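**Student:** Here's the letter readout for the chains.
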Amino acid sequence: MIEFRSVTKQFPDGTVAVDDFDLVIPPRQTTVLVGSSGCGKTTLLRMINRMIDPSSGSILIDGEDTAKLAPVQLRRRIGYVMQNSGLLPHRKVVDNVATVPLLNGVPKGEARERALELLDTVGLDRSLATKYPRQLSGGQQQRVGVARGLAADPNILLMDEPFGAVDPIVRAELQRETIRLQQELGKTVVFVTHDIDEAFLLGHQVVILQKGGHIAQLGSPAEILANPADDFVATFVGADRGKRALRIQRVDGRDVVVDQNGTPTGVLQP
Amino acid sequence: MNLILGGIAWILDPANQTGPNGWFARLAEQLGYTFGAVAIAAVIAIPLGYLVGHTGKGRDLAVSISGGLRALPSLGVLILFGFALGIGFKAPLLTLVVLAIPPLLAGAYSGFEAIDRRTVDAARAVGMTELQVVGKVEVPLGLPLLIGGVRSSILQVVATATLAGYIGGGALGTYIFQGAATRDYEQMLGASILVTALALVLEGIFALLQKLVVPRGVVAKEPQEVRTRSSRPRAAMGSPIREGK
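Protein chains in written order, with the UniProt record's numbering: chain Y, 1 to 270; chain H, 1 to 245.
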């Protein structure tokens, strides 16, 4: 469990990125922080592994105040996946995946063996292990990034817009993989995105943020859709448009679901 | 043309090759100055450049110091040091160290600066200490530009080491200053040809070295689409959210 307790972050230039933020992130679930750029979502994520320290307030992981932990040790037990993978270009895929175990002093052979298993886990062929990141496609690089994040078997996986830079088809693949991995491995995933569809697809809990890290609404995707807290949220999730505003039409004794424009999208099953 | 042939003849004459005043020994002195000065300068400039490149602090200072050092006329510096330290190898060596520092400093910090910030950020985020970020990420990725700095440093120093002869510091310049005094143009030319050839050979070696130290993954290119799994059904494509109400 990760807890934010009245966390405020003011940067040296005076910008208040996060203002008095409280949140409880439940374990073994995916929590998505979603909002437009400048809402403080990445700042919040990076405060969990102390890449950024809060100006005031505290962040607790399983009841332990992270301010009392050494940042380097903390980061090694939290998986981190970023946009554009952030792989080391001069190291082979297998060595990139093994980075954290090697830092933790795991013997090289053992770390590599584990890295190869992780390639299987994230759906990459082992033949890619000896390639360099640049020789891989964007989607493959991103999978390697996920494998690296999982390498030290962390309880927590932080994902900072990890699929922002890949094409829509690969992105859909990676989203499915992320759901599968979360279910199989039971990690606590904290995911940052600006894409509300991605948030609803991946999140057990979705946190919609406004400027300054103010929570506009917090809940499951269904709860948010059923009952948007205010106009901002309604507009944000697009509650009144397209596939989010469905109606039922009775046709030949069946309930046909149509969208805003009257285009049929499916049939309600009895 | 006869003069150049005379210079070559001077080089080929065995009498000019061996002994304490033969050009074998003088060439060795020239090399000694070059590598000695660059090595001393490297000990000073590379850690300093790495510090500047890693922290991003003191960059302006580093730029103006190296710019200032570059602007110093070597002959003037040599005479100044000569007055202070007397005849011998110390004053030329020190002069050459001053000359060698700017390109090394620039090579060291610009090598770090050229690295994608996101790579460094990711290294830190997965739990590397600052020293590990430097040693495992910044140094290897910054190596090509550093070697570039070493290369231009060597090139400048090997040519300027000729000045050592001006204050009795030996090396190939000795022939040139002697030759000028005694109007022995063949000897002057012979020595000049040797200096030029030495500079070209060193340049070639370091150009090659610079290519060799580019980390392999950085040269490797051509992304290839290798799908390792059959295509999957397409999931919902995201639409970016809209700002505000």
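What the hints contain is simulated information worked out from the structure, not anything from laboratory work.
Nothing here was measured: the structure is a model prediction, and the numbers come from that model.
Treat each hint with caution, since some may be false.
[Claimed, not checked] Partial chain Y-side listing against chain H, Cβ under 10 Å, derived:
1. M51
2. G149
3. A151
4. N155
Note that beta-carbon positions come from the ideal geometry of N, C-alpha and C, so glycine has one too.
**Student:** Hint by hint, note whether the structure agrees.
**Tutor:** Status of the hints after comparison with the structure:
1. Using the Cβ-Cβ criterion of 10 Å, the hint placing Y/M51 at the interface with chain H is satisfied: the shortest such distance is roughly 6 Å.
2. Satisfaction of the interface hint for Y/G149 is found here, the shortest Cβ-Cβ separation to chain H being roughly 8 Å, below the 10 Å cut-off.
3. Contact between Y/A151 and chain H, as hinted, is supported at the beta carbon level, the nearest pair being about 9 Å apart and thus within 10 Å.
4. At about 15 Å, the closest approach between the beta carbon of Y/N155 and any beta carbon in chain H exceeds 10 Å, and the interface hint on this residue is violated.
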